Amino acid sequence: MSTGSGFYAGRRVTVTGGASFIGSHLATALLRAGAKVTIADNYSSGTTENLREIAADVEVLELDLRSPDDALRACAGAELVFHLAAAHGGRGYIDSHADACAENFLIDQHVFRSAVRSGVDRVAFASSACVYPAALQQPQTHRALREDLVGPPYDPDGMYGMAKLCGELVLRGIAEQHGVGAVSCRYFTAYGPRCGESHAIMAMIARAFLGADPFQVWGDGTQVRTWIYVEDVVRLTMLAAEHVSDGSAVNIATDEMYTVRDAAELVLRVTGHEATIETLPHMPTGPLFRTADLERSTTLLGAVPQVNLAEGVRRTAEWYFRSKERGTIARDLPALLVERG
Numbered sequence: 054m055s056t057g058s059g060f061y062a063g064r065r066v067t068v069t070g071g072a073s074f075i076g077s078h079l080a081t082a083l084l085r086a087g088a089k090v091t092i093a094d095n096y097s098s099g100t101t102e103n104l105r106e107i108a109a110d111v112e113v114l115e116l117d118l119r120s121p122d123d124a125l126r127a128c129a130g131a132e133l134v135f136h137l138a139a140a141h142g143g144r145g146y147i148d149s150h151a152d153a154c155a156e157n158f159l160i161d162q163h164v165f166r167s168a169v170r171s172g173v174d175r176v177a178f179a180s181s182a183c184v185y186p187a188a189l190q191q192p193q194t195h196r197a198l199r200e201d202l203v204g205p206p207y208d209p210d211g212m213y214g215m216a217k218l219c220g221e222l223v224l225r226g227i228a229e230q231h232g233v234g235a236v237s238c239r240y241f242t243a244y245g246p247r248c249g250e251s252h253a254i255m256a257m258i259a260r261a262f263l264g265a266d267p268f269q270v271w272g273d274g275t276q277v278r279t280w281i282y283v284e285d286v287v288r289l290t291m292l293a294a295e296h297v298s299d300g301s302a303v304n305i306a307t308d309e310m311y312t313v314r315d316a317a318e319l320v321l322r323v324t325g326h327e328a329t330i331e332t333l334p335h336m337p338t339g340p341l342f343r344t345a346d347l348e349r350s351t352t353l354l355g356a357v358p359q360v361n362l363a364e365g366v367r368r369t370a371e372w373y374f375r376s377k378e379r380g381t382i383a384r385d386l387p388a389l390l391v392e393r394g
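The C-terminal residue of the sequence shown carries number 394 in this note's numbering, and the numbering is unbroken.
Possibly wrong hints are sitting among the right ones.
[Unchecked claim] Subject to a maximum C-alpha distance of 20 Å in a straight line, what follows is the list of computed SDA-like cross-link-like pairs (lysine to any residue):
| # | residue 1 | residue 2 |
| --- | --- | --- |
| 1 | K89 | R119 |
| 2 | K89 | A62 |
| 3 | K89 | E115 |
| 4 | K377 | D174 |
| 5 | K89 | I107 |
It is worth saying that the hints were derived from the structure and are not from the lab.
None of the values given here were measured: they were computed from a predicted structure.
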């Protein structure tokens with residue numbers, strides 16, 4: 054996958070968290086675009102299997118970005134850093150691991166400071182829709198989330214959202230004070246091959262894989278989301294790093310809106326599994342109405358997502374059914390719903 058402009062050809066690029074779900078797909082796309090790729094990862098959620106196809110073509114540094122020395126190693130020699138490393142997961146994870154999510158404050162500080170010290174030209178930060186004010190994500194008050202809606206008084210989504218917000222603010226300051234090109238990519242709900250089961254679509258596919266009946270869905274099923282397939286996440290992230298350098302943010306999202314129940318019904322159709330949907334209103338749900346405004350990202354990046362939810366779910370389910378072992382998933386799924394891996 055390439056942006057087609059030649060921007061990445063020959064560039065020295067570091068991907069932190071490059072063995073993870075999105076990071077491994079990004080590293081692969083960067084290689085195809087001609088970049089010289091270094092991956093920095095501690096394998097807390099990433100795996101060597103994710104890198105199997107590209108291992109011979111990348112440099113892999115196993116290190117811990119909570120260490121300033123390791124962060125400096127990760128950035129040394131890089132012209133561009135894609136900073137994806139973080140303590141993160143789906144709703145089950147971020148609602149139950151505030152202490153781990155707080156480590157992102159430390160990780161981001163070390164990486165950004167190391168980028169400045171190492172003379173990195175550009176930094177692309179994997180931020181999140183969790184930076185948006187919670188008050189704008191309720192059924193009665195919702196708005197399509199536009200990038201300039203993040204501002205005082207800040208009201209991000211939990212500890213994870215707070216850490217991502219602070220990361221954005223620090224990165225913007227670095228861009229202004231040190232002249233480093235920078236962009237914050239606000240990922241909405243990503244999914245696809247290699248994604249973990251703590252994310253809603255993956256949890257649904259896992260339940261279909263196991264033949265679960267009743268087919269459980271967290272919340273009452275009316276929560277609205279815009280899910281974006283990993284291939285589109287990677288392509289738009291690469292375009293953002295190429296075209297935005299002033300420290301501002303861009304949404305990485307689709308304009309498709311689905312309720313969680315709609316998504317569950319789609320997973321059942323795609324996988325051919327027949328079951329009764331059972332909603333669990335007492336389980337973590339997050340904001341009730343999260344959708345994105347794409348005007349700024351479409352204008353700046355000159356591109357829109359290409360994979361709709363039905364196609365993305367089909368591809369993801371095919372990968373999941375081909376790659377997973379039923380006994381292992383049956384044993385581990387309760388933990389996987391709230392853990393990173």
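For each hint, the structure was consulted:
1. About 25 Å separates the Cα atoms of K89 and R119, which puts this hinted pair outside 20 Å; it is violated.
2. The suggested pairing of K89 with A62 holds, with an alpha-carbon distance near 8 Å, which does not exceed 20 Å.
3. Between K89 and E115, the direct Cα distance comes to roughly 17 Å. Compliance with the 20 Å bound is thereby established for this hinted pair.
4. With a C-alpha separation of about 40 Å, the suggested pairing of K377 with D174 is violated against the 20 Å cut-off.
5. Between K89 and I107 the CA atoms are separated by roughly 12 Å; this keeps the pair inside 20 Å, and the hint holds.
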